[in-house]
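Residue numbers (my numbering), protein chains in the order written: chain A, 15 to 808; chain B, 607 to 929; chain C, 6 to 195.
These are calculated hints, taken from the structure and not from any lab test. Please read all numbers here as calculations on a predicted model, not as lab measurements. C-beta: ideal position from N, C-alpha, C; glycine also. It is possible that part of the hints are untrue.
[Claimed, not checked] Cβ pair distances, simulated, as ranges:
no.	chain 1	residue 1	chain 2	residue 2	range
1	C	ASP158	B	ASP926	51 to 61 Å
2	C	ASP158	A	THR21	51 to 61 Å
3	C	ASP110	B	GLN702	37 to 47 Å
4	A	GLN469	B	ALA814	52 to 62 Å
5	A	ALA189	B	GLY895	33 to 43 Å
[As the list claims (entries may be wrong)] Which residues of chain C face chain B? A partial, calculated answer using Cβ under 7 Å:
no.	residue
6	LEU88
7	MET97
8	ALA98
9	ALA109
10	SER166
11	GLY167
12	ARG184
13	GLU187
14	ILE188
In case you want the letters, here they are:
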Amino acid sequence: MQRFTGTRVTRVEDPRILTGGGNYIDDRNPPGLGHAAFVRSPFAHARVHSIDTTAARAHPGVIAVFTGAELGPHIAPIVTQGPPGMSCPRFTCLATDKVRMVGDPVALVIAESRAVAEDACELVEVEYEELAGIGSIERALAPDGPRIWDDLDSNVLYEEAATYGDPDAAFAAAAHTINETFVQHRITNCPMETRGVIATYEPGRNHFTYMGTLQGTQMARFVISTALSLPATNVDVVLGDVGGSFGQKSSIGHEELAVCGAAKALAGRPIKWIEDRTENLSVGGQAREETVTAQVAFDADGRIRGLRLDMVLAGGAYPIASAPITTLVGTLARVLVPGAYDIADYSFRHRAVFTNKAPYVAYRGPWAIETWVRERVLDRIARELGLDPVEVRRRNLLAADAFPCKLPAGPTLAGITLRAALDKAERVADWAGFRAEQASERARRAVAQPGQPGQPGRVLGLGVVSFIEPAPGPPDYGPSIGFTLPPERATARLEVDGTLSVYTSQAPHGQGHETTLAQLAADELGVSMSAVRVIHSDSRTAPFSMMGTGGSRSATVASGSVIGVARAVRDQVAEIVAHMLEANPTDIEVVDGVARVKGSPDKAMPLAQVAMTAWLAPQYLPPGRNPGIEATFDFRAGDGGWTQSVHSCFVEVDPETGVVKVLRYVVVEDCGDVINPAIVEGQIRGGIAQGIGEVLYEHSAYDDDGTFKAGTFMDYLIPSSMEIPSIEIHHVDATVVTQEVNFRGVGEGGAIGAPAAVCSAVEDALSPWNAKVVEQYLPPSRVLELMGVIPVER
Amino acid sequence: MLSCADDNCKRLRRRGVRELSCRAQLRRACKAAAMKPPPFAYDAPETIDEALGLLDEHGDEAKVLAGGQSLIPLLSMRLARPARLVDIARIAELGQIFLNGSTRIGATVRQCAVERSAELRTANPLLGKAIPFIGHGPIRNRGTIGGSVAHADPAAELPAVMLLLEAEMVLRSASGGERTVPAAEFFEGFLTTAAQPQELLVELRLPAWLPGTGAGFQEIARRHGDFAIVGAGAVVQLDPGTGLVTDSRLAFTGVAGTPVRATEAERMLVGHEPTIAAIAEMAAVARAGLEPSGDVHASAAYRRHIAGVLTERVVKEAVDAAR
Amino acid sequence: MPPAELQTPHTPHTPPDESPDLTVTVNATVNGTRRSTTVEPRRTLADWLRDDLGLTATHLGCEQGVCGACTVLVDGDPVRSCLMLAVQAREMAVTTVEGLGSVADMHPVQQGCLDAMSFQCGFCTPGFLMAITAYLARRGQTAEVPDGRAPSDDEIREALSGNLCRCTGYQSIVDGVRRAWEITSESAGA
């Protein structure tokens, strides 16, 4: 029969998505809906002296207006949690005494329509006293500067440091050292669907229903129930189709919680809030913004001897409610920074600071700073020594026979195929051919005379980077980052008509789990995909898990749990059919939806008949067996391992305008076996598009005082079809299969590798100008500054 | 609280654009949620006189709606809040184009009309070259030529085109009848024109395209279809016998509060052969005469530099087209 | 699949202020059906389709006229429905994704994007589908395109450039356009 796993079966989600049948949060309009809109701070940092809501309340069509003080009785302050030593300020979801970022919500209007709610927002008068704002890491760390939290004695919210091996000895022995500070700018996830919620409190049964845009259901249930002082079991979280997230919707924001408080106060009335694009860009959650000061010790042959890395992360004004991401990013970067390179001696210090900016949230490959800095360092070493950058990578990669081994911080490295990936990339991307073309264009440029006819040589660059990502990592990865993940559970029921319902705790938002998990379940059970439905994103039916979809886990753990549960169902089918057909259960196979005795094609029963018997005629079942066929399976992560990639990025720089065009992009990667090639390619390409955008177009720009400058889609630029090239993807033959579930995540790698590859390519293109790329954001004006064509203006 | 002391902004506020004062402030408009327009009354007159009557009655409380591609985002972000919109799209008379040597374009002719009419592109090659730079197809399908001119965004293409063509704007009002304002006097400041609140821009008059004349238009934008960081247009006329330049015009978008003609630079070419060296000298003078400001997309220095680069490109393009 | 009870019935909300000065009657032909409602003039075409007519296929991604998710056809031309007031569409013909094809009988553009697995989260999808539909229709009518020449990548990318997608990196959408063109050509040739 047809095997679905590994093939490009079309997506289960697409018929509804392509015909307008998607069910996104703003598509739902339950009866009696009230619409929410927020009054927000125009200042980065200010005291709130008074809020006058009188006129807003009197406005026709207004249902209610809440200030932070008025919402207080209905919803508890937000409590953030983190590792020991993390400053966890308490704050309310509407600011009361002080606003700490542009867009900080100070009042909430509920009205009969969104337009009327906005009308009333304009009638709310807030008296502010502006304070000095903090828009940069330098200002946050200034000893005598302003404090964002009055009750904390500094703006540093977390600090940790660790040393592996003996970096001091390594520095003492090394032939060369480099000191450099690398700057990663702030960006935002920017899903096409903004955040949204419909919250309903039913006082009669003391029950709360949260419909919204999230990446999981159970964590939200606890956050909401805690905030509303309800039992967690009285809160349902029910998502629908979610229009992208990339980490932004992994946590509940101030606004969603405020709406929950309002819904509780206005008992019985569903309250909807749909974030507008300016809100999403300004406070929906932003990411990255780290500065890393790197000291590098290396030998004359280009091998890194030691690293001293000092990172500061600008965490925004408010920690997010559910996960200490600003501390976790430092931990992840510390553990992962060696990659598959032989870097045994290093130290890593991480500080996260408060700034008057939007909350720092997880974004696709949250730890990507480690790859970007490390690959920048490798390029720098190549330049200092006059070596080929790829050769420097080859010299530093762990030897093929080094595996299995451990990263200095603990996780096991095994099945690493980066050397093979580099060899394949060299072939398929034809680096040599490009280098020849680059050399000839440079030669033409050198002889061209200004003012003479004819085109001078083109300015071309190539960047090659290699990296590994935990997707989701080996069993000892969790302990290394202080974050051990529980097993992933799936449950399943063979329905009375013989179809399979699979329940997962995943909450997909574009990844196509209804397709990939159905492919796996169909193959394992022996049915067609149309006989499998994947049910997700509903806390009432989802198996318990505090994790939803995220962290490159699904490909391994959701797949493992679904394969396991489908197998358990098949085993029960075999047991029942063996009993009814008087055969041995081990001789029963299920093919094309029919259970049969191997070798005796006439002894067979369709699954519908098996299911009907199991549910409706238990007298035919083996003695003592309960009716029905249901199963639960816990997948213990096993060796999820590492997804590995080599990215080759080819760019052309217009030396007159500084405009960078990505000419070609080639990925060679190893993500184990592929469930659906089209979905894997889509994930990789989407991540790379975001990575290209991050370097060349996107910047959540603030002034030094925290004034926000990128609040529309005319200011925050995500790339269009004209800016992203076709992206070629090649797989290296999957690594030695050490486990049955040999699928690994591909959601994050594109966004990890692309910023490094694009920066590397631009620096290579600009090498005749001796330009050093130490800031990741490279708009055309910055490129001309690097070339010395225009003066630097900040 | 987002008010601004700038004279342009004051004038705009008087005309019903309350909080929009300058681009930097537009970007700071995070004060409250804003995605639905504020309330307004609406009229859709079917004759010019009817429209003029409404503008006369309501004065600066009213705002003219043509295609809406500039006005409606300002409404949705609540940066503009007129009490009344006068939708002129149903006035048949304003949707006409007359080609008779010169080109007369009614105020509600959509930008896509140029893309769809080879005749119009031949009649005015500069218009044909500039229009595709306006946003994306769906914007040009609704956006009008007159609307873009009346909106007077200094980063927009059509105001600069009008300046280059030395076009005339025909304004009409109920009380004052009709007057004609040359482009050079029409664009007064950021989103500000010589049109009074009671006046309606009814027609754009483009002079005949003279033989031996070529056009060039180019932009540098962050992304395809974005408002340009800087745009430049050139019109060059060559003597067919000598090949010397008989007329030379150059204008920029995105470098000041209005589109800008580079008058000193463009004179340098007249009477000369348009050599690469001559054009480069012209570019240097054009660049030196600009004082752009920086923003989130590019620094002032970048804009000045790009103005020079684009000058060379568009003048060469115009010369090639003229030959 | 999302839980069934999320498919809540649609209840249009009436404008709170019914004063005659602030309401207008909008009548237009939407997906072939004559529709008429009374709304505030400030109601955008997108909100009219979604909230008054319950046609929620059209999505709002920015309401700033940039992302293209709300693209619909007005008299055959693709326009941003967030940049048009409903009242501006009076007496016009509006086509949304609901008017393209059904699951059982897909429009070639829908089928092409299904085959190419063009989309991921699906939020930008309606705008792309309408932009592609208009592009292929116009291309088919343009004499400048020699018969039978498949659209090039560059041509398709230019046509898609007014629509933003955050998930895919666009390549699969380009493939979907080409596939839609093939389906259209095959059926035209058959």
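For each hint, the structure was consulted:
no., hint, in the structure
1, ASP158(C) x ASP926(B): 51 to 61 Å, "violated, 28 Å"
2, ASP158(C) x THR21(A): 51 to 61 Å, "violated, 25 Å"
3, ASP110(C) x GLN702(B): 37 to 47 Å, "holds, 42 Å"
4, GLN469(A) x ALA814(B): 52 to 62 Å, "violated, 36 Å"
5, ALA189(A) x GLY895(B): 33 to 43 Å, "violated, 53 Å"
6, LEU88, "holds, 5 Å"
7, MET97, "violated, 10 Å"
8, ALA98, "violated, 14 Å"
9, ALA109, "violated, 29 Å"
10, SER166, "holds, 5 Å"
11, GLY167, "holds, 3 Å"
12, ARG184, "violated, 21 Å"
13, GLU187, "violated, 23 Å"
14, ILE188, "violated, 23 Å"
Checked against the numbered hints given earlier, the structure breaks hints 1, 2, 4, 5, 7, 8, 9, 12, 13 and 14 and satisfies all the rest.
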